[in-house]
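A.B. asks: Chain B: place on chain X using the hints.
There are 2 protein chains.
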Amino acid sequence: MALIVQKYGGTSVKDVDRIQNVARRVKSFVDQGNQVVVVVSARGGVTNELVDRAKEINPHPAEREMDMLLACGEQETIALTAMALHAIGQPAVSRLGYQAGFVTDKEHTRARIIDITGGDIKERLALGEVVIVAGFQGQNTEGEITTLGRGGSDLSAVALAAGLKADLCQIFTDVEGVYTADPRVVPNARKINEISYEEMLELASMGSKVMQARSVEFAQKHGVIFEVRSSFNDQPGTIVKAEVPSMEDVVVSGVALDKNQAKITVSDLPDKPGTAALVFQALGAANVIVDMIVQNVGRGGAANLTFTVAKDDIHRAVGTVEKALENYSGVKVNYTGDIAKLSVVGVGMRSHAGVAATLFDILAKHSVNIQMISTSEIRISVAIDLDNAVKAAQAVHDGFHLDQLA
Amino acid sequence: MALIVQKYGGTSVKDVDRIQNVARRVKSFVDQGNQVVVVVSARGGVTNELVDRAKEINPHPAEREMDMLLACGEQETIALTAMALHAIGQPAVSRLGYQAGFVTDKEHTRARIIDITGGDIKERLALGEVVIVAGFQGQNTEGEITTLGRGGSDLSAVALAAGLKADLCQIFTDVEGVYTADPRVVPNARKINEISYEEMLELASMGSKVMQARSVEFAQKHGVIFEVRSSFNDQPGTIVKAEVPSMEDVVVSGVALDKNQAKITVSDLPDKPGTAALVFQALGAANVIVDMIVQNVGRGGAANLTFTVAKDDIHRAVGTVEKALENYSGVKVNYTGDIAKLSVVGVGMRSHAGVAATLFDILAKHSVNIQMISTSEIRISVAIDLDNAVKAAQAVHDGFHLDQLA
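As you go down the protein sequences, you meet chains X and B in turn.
FYI, UniProt numbering numbers position 136 of the first sequence as 136, with every residue one higher than the one before it.
FYI, UniProt numbering numbers position 86 of the second sequence as 86, with every residue one higher than the one before it.
Bound-form chain X, shown alone (with noise of 0.2 angstroms):
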């Protein structure tokens, strides 16, 4: 007998049949011999609804009651998914986030779990019964409602199956698991089968969408072995785990690709210490997040200063950038919207030698222009033209025999 905790995202419980399907898959599990706890997103659209009906009445909601809000949308689902249970003959019982022992820290809308007590929910699993438990909220010490942020139901489930030291992990989504490449792009990608916490990690950060990087980040401190898997189906997904021996015979594991970039160029820029910081600590001021950065000289011992933001940044980022160096004459700032980066990721790299070389021939040979390149121990990341994207991630995929079983 296993103890397992199934999350359940906002498409998988977006309405009455949906709800249902998942009290059946929930009762499969529980048929075959497991105690299974359920953490469950708000239906799909119901948090956005909450947040403008919210935004018509006040712009600036106080924090503290956007989290009272929008812990409305998970509860109601916890209910609804008691009550799919209980019509097919499950006993189950639903927990709200405070009461299935989430503590967090007084961060309002984007609270950090401090503790997971569960609660009583072993005696319950005890009693045979399926618990639901409220992804995405909790109570601070104060007794206030709060609420985890973006990807907060996946930290939930991840979090509470620390807490509870569960058997296994899963998080029932949209998708059948990690891929090789994102199919919409690339369509010979695979589903991959294991891959390792920092390789998910380089992937989330890519721009891959299964999952936030910080539910990731709590599983890798926590040793939380975890499936991403369709809840459409009855597939396997993507087993997410501490990094084996065997994982580094796969040099490259995937390639992602984010078209969201923009690039902006800083010419012409006096070369002396102190004016690169300058304009990254306004941008960091201004919350403009910085991906790539490459600084050059050029004429005249002058310095060019490129680097690389999400791409609905660009224009407060052009903004930040000038009124920083308004004192300093001469400074072009220049910027494109056309930009994409490219990844590979693979824990082999770390052992295997001429991965960038590699990656570089494909593209040249693709006639695709690399404009800055970026590296960590498990990734090489380069920015191209938006035109080349698709053209280069399947050339790349192709290059690196991703479509075949390692």
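Calculated from the structure, these hints are not laboratory results.
These numbers come from a predicted model, not from an experiment.
Glycine included, C-beta positions come from ideal geometry on N, C-alpha and C.
There could be a bad hint or two in this list.
[To be verified] Counterexamples of contact, computed for chain B against chain X with all Cβ distances above 10 angstroms: (1) Gln32; (2) Gly44; (3) Arg53; (4) Arg64; (5) Gln99; (6) Ile114; (7) Ile145; (8) Ala303; (9) Lys311; (10) Asp312; (11) Asp387.
[Stated by the list, open to error] Cut-off 30 angstroms, straight-line C-alpha distance, at most; resulting in silico cross-link-like pairs (DSSO-like, lysine-lysine): (12) Lys311(B) with Lys55(X); (13) Lys14(X) with Lys122(B); (14) Lys55(B) with Lys191(B); (15) Lys122(X) with Lys14(X); (16) Lys106(X) with Lys27(B); (17) Lys27(B) with Lys311(B); (18) Lys259(X) with Lys191(X); (19) Lys106(B) with Lys27(B); (20) Lys259(X) with Lys241(X); (21) Lys27(X) with Lys311(B); (22) Lys106(B) with Lys55(B); (23) Lys14(B) with Lys55(X); (24) Lys365(B) with Lys323(B); (25) Lys55(B) with Lys27(X); (26) Lys106(X) with Lys122(B); (27) Lys241(X) with Lys323(X); (28) Lys55(B) with Lys14(X); (29) Lys122(X) with Lys14(B).
C.D. replies: Positioned in the frame of chain X, the structure of chain B alone reads:
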């Protein structure tokens, strides 16, 4: 400086506009130097929507899960109301039932309040904040969310006023107060300025829809003076409080008409002890509430038993009675759904004789036949033909000069 508890029902917080109206009204009371605690219901229609969704999933949803589900409705409203107050510069904070210290028994969907601590409401008021409390909900001693059943938000407000020792409790609703009669039936009906708990209770149980009897009973028991008034204008409403001697100057305070009655007659019942008990025990077991009862002896020593029930219960009631009496041959069960109950209510009846005589005289002059009579210390009710109901109500209202201020 007064401490006021204000309650706004579902129609008063139905949409964004109305929530903003409520916020402006609340702020005006604060600006006059009062401390204000606001109790709100779910937005109009939300509770029914949730119930419908639940029944679609499970025709017999567990009451515990219904409470979990329905409590969402008020949670949404408190957050939105707090945001609306913030938007007009009024500090405010929302509180769920359990955060406001509503402790109830374990009867899900119809819990009774066993204690109200108020939580930190007094501290927050002292900081200049408005505290917005979710009506209708509490928590039992096992930490489970409970709801108070029909009229629960009124009860929350009255109970909170008692717990906080508030100076005044205001029930804002979609009527302007308590009237001498339903203005849709009696056009010259007049708003009553002051009424006693007893009269309010008699009117509530006579089908006047202003408030559920349990809230009035709670107010009476704990000496909470409350005002029923409109949330759509600034007119004073009706103050409900303990009887004072001057109230007895008014012999009749109001006329109530209940058109939702049906009459059942059981004839030729053996006139021996226990047969009436048999009938009413069976009806009680079938959850049919019996209102007026008349028994008399008919032909040949057999008894006739006549009683009224709510029109919705008529078929269930007749079936139950027929089954209970199936071993008594010759008994006949007849019924009619075309009955109305007209009541006159007033604490003045205690000290004024002749009210019944006046009532019967008025009805006789208007050719209205009286089918049954029942009385309490401060009420006389008669069952009449439904066809005569409106005419009779107008005649009685005029006959007791209720259109004129006492």
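A.B. asks: Hint by hint, say whether it matches the structure.
C.D. replies: Status of each hint after checking the structure:
no., hint, result
1, Gln32, "24 angstroms, holds"
2, Gly44, "14 angstroms, holds"
3, Arg53, "7 angstroms, violated"
4, Arg64, "7 angstroms, violated"
5, Gln99, "6 angstroms, violated"
6, Ile114, "20 angstroms, holds"
7, Ile145, "8 angstroms, violated"
8, Ala303, "48 angstroms, holds"
9, Lys311, "31 angstroms, holds"
10, Asp312, "26 angstroms, holds"
11, Asp387, "45 angstroms, holds"
12, Lys311(B) with Lys55(X), "46 angstroms, violated"
13, Lys14(X) with Lys122(B), "41 angstroms, violated"
14, Lys55(B) with Lys191(B), "40 angstroms, violated"
15, Lys122(X) with Lys14(X), "28 angstroms, holds"
16, Lys106(X) with Lys27(B), "28 angstroms, holds"
17, Lys27(B) with Lys311(B), "44 angstroms, violated"
18, Lys259(X) with Lys191(X), "21 angstroms, holds"
19, Lys106(B) with Lys27(B), "36 angstroms, violated"
20, Lys259(X) with Lys241(X), "28 angstroms, holds"
21, Lys27(X) with Lys311(B), "43 angstroms, violated"
22, Lys106(B) with Lys55(B), "22 angstroms, holds"
23, Lys14(B) with Lys55(X), "16 angstroms, holds"
24, Lys365(B) with Lys323(B), "41 angstroms, violated"
25, Lys55(B) with Lys27(X), "20 angstroms, holds"
26, Lys106(X) with Lys122(B), "22 angstroms, holds"
27, Lys241(X) with Lys323(X), "46 angstroms, violated"
28, Lys55(B) with Lys14(X), "16 angstroms, holds"
29, Lys122(X) with Lys14(B), "41 angstroms, violated"
Checked against the numbered hints above, the structure breaks hints 3, 4, 5, 7, 12, 13, 14, 17, 19, 21, 24, 27 and 29 and satisfies the rest.
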